[in-house]
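If you count the sequence shown from 1, position 170 lands on 170 in our numbering, and the numbers rise without skipping.
Calculated directly from the structure, the hints in this document are not laboratory data.
Glycine included, C-beta positions come from ideal geometry on N, C-alpha and C.
One or more of the hints may lead you astray.
With beta-carbon atoms standing in for the labels, derived distance ranges [to be verified]:
| hint | residue 1 | residue 2 | range |
| --- | --- | --- | --- |
| 1 | Ser18 | Gly317 | 19 to 29 angstroms |
| 2 | Thr48 | Arg19 | 17 to 27 angstroms |
| 3 | Thr140 | Arg67 | 29 to 39 angstroms |
| 4 | Tyr339 | Pro263 | 33 to 43 angstroms |
| 5 | Lys297 | Leu120 | 15 to 25 angstroms |
| 6 | His199 | Thr140 | 19 to 29 angstroms |
| 7 | Leu63 | His199 | 50 to 60 angstroms |
| 8 | Arg19 | Arg67 | 17 to 27 angstroms |
| 9 | Ala333 | Gly170 | 42 to 52 angstroms |
| 10 | Gly170 | Val137 | 14 to 24 angstroms |
| 11 | Lys237 | Thr194 | 38 to 48 angstroms |
| 12 | Ser209 | Arg65 | 50 to 60 angstroms |
| 13 | Thr48 | Tyr339 | 35 to 45 angstroms |
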Amino acid sequence: MKLTMASSPHNHSHKSLSRLMITVIAACIPGLIAQVYFFGTAVLIQLTLALITVSVCEAAVLLLRKRKVWPTLSDGSAWLTAVLLALSIPPLAPWWIIVIGCLFAIVIVKQLYGGLGFNLFNPAMAAYVLLLVSFPVQMTSWLPVSDLLASPISFSQQLSVIFNGFTSAGFSVDQLRVSIDGTTMATPLDTVKTDVAHHLTVAESMSKSLFNDWFGLGWGWVNLGFLIGGLYLLKAKIINWHIPVSFLGALTICSAIGYIASPGTEPGVVFHLFSGATMLGAFFIATDPVSASTTNKGRLIYGALIGLLVYLIRTFGGYPDAVAFSVLLLNMAVPLIDYYTQPRTYGHGVK
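All chains, please: the whole structure from these sequences, using the hints.
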């Protein structure tokens, strides 16, 4: 009987691709719950729109390519992209924002390059940057936590804002962003950056109602939720430790140096770690197995450079949060990083 020799390794993992993707999506649940609690059920509306859009786009492209739809769609990669993008945009963004983003992520960034495993960039972050550059007003209209709103926003009002642009009473998103004390609110990162540019100290900026002792109200808990989910992924060995540890380590070192050098204009380590998309980026975005570095040494370099760029862009750049830009820039550098960090093949090379 003729035997066929398959390529090694012969010991296969029992974890299917779809199971891995669903596990990552499930790990997002603590952060998702925190977002819904602090920013309203509009997060779930955006998530539903995203899941529907990516499913339709993926199926349409697969039919055009004459590929089987369900085997590819059921691997969960498109759904994970939808979840990450929905968690990254303002909850009350117009419905067409998430639709355009999902269409671009699936059709252009993923399928145009050949599908899963061939995309050069993280689809969710590429779509986020496209939306941020193209529609900056809609992509920066974050509400403060529900406790700081001048009046609570019901589910029907949130639905009306997303699809019509106004509540049933005629209030726009900008009007809804007014807090109890009558000021228009922004994200903690944006608030600190703007106030420092206006020659206020960080302490003066963080004395506003948007902050507690260490970070922005709500955002610290959201980041804690994603940290819990990320630690679960590490424990389950779904992701490697190299990227999140080097990412957070580099951000910690840079923010500590900045705070020591200028405590009046730098918010400090805890603020950087638990604001914006830090934990979501460290555990769920930068660790994308397709667009990230593939060697252990390369992962450390890749994660550290992302952390460095996040700090530099937050501190000196034009955007308050910088995870998406940092990840995309390092996605472009992955081939170079992998080339110079490949382990030496046994029996080859110079001692």
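Checking each numbered hint in turn, tell me which of them this model violates, lowest number first.
1
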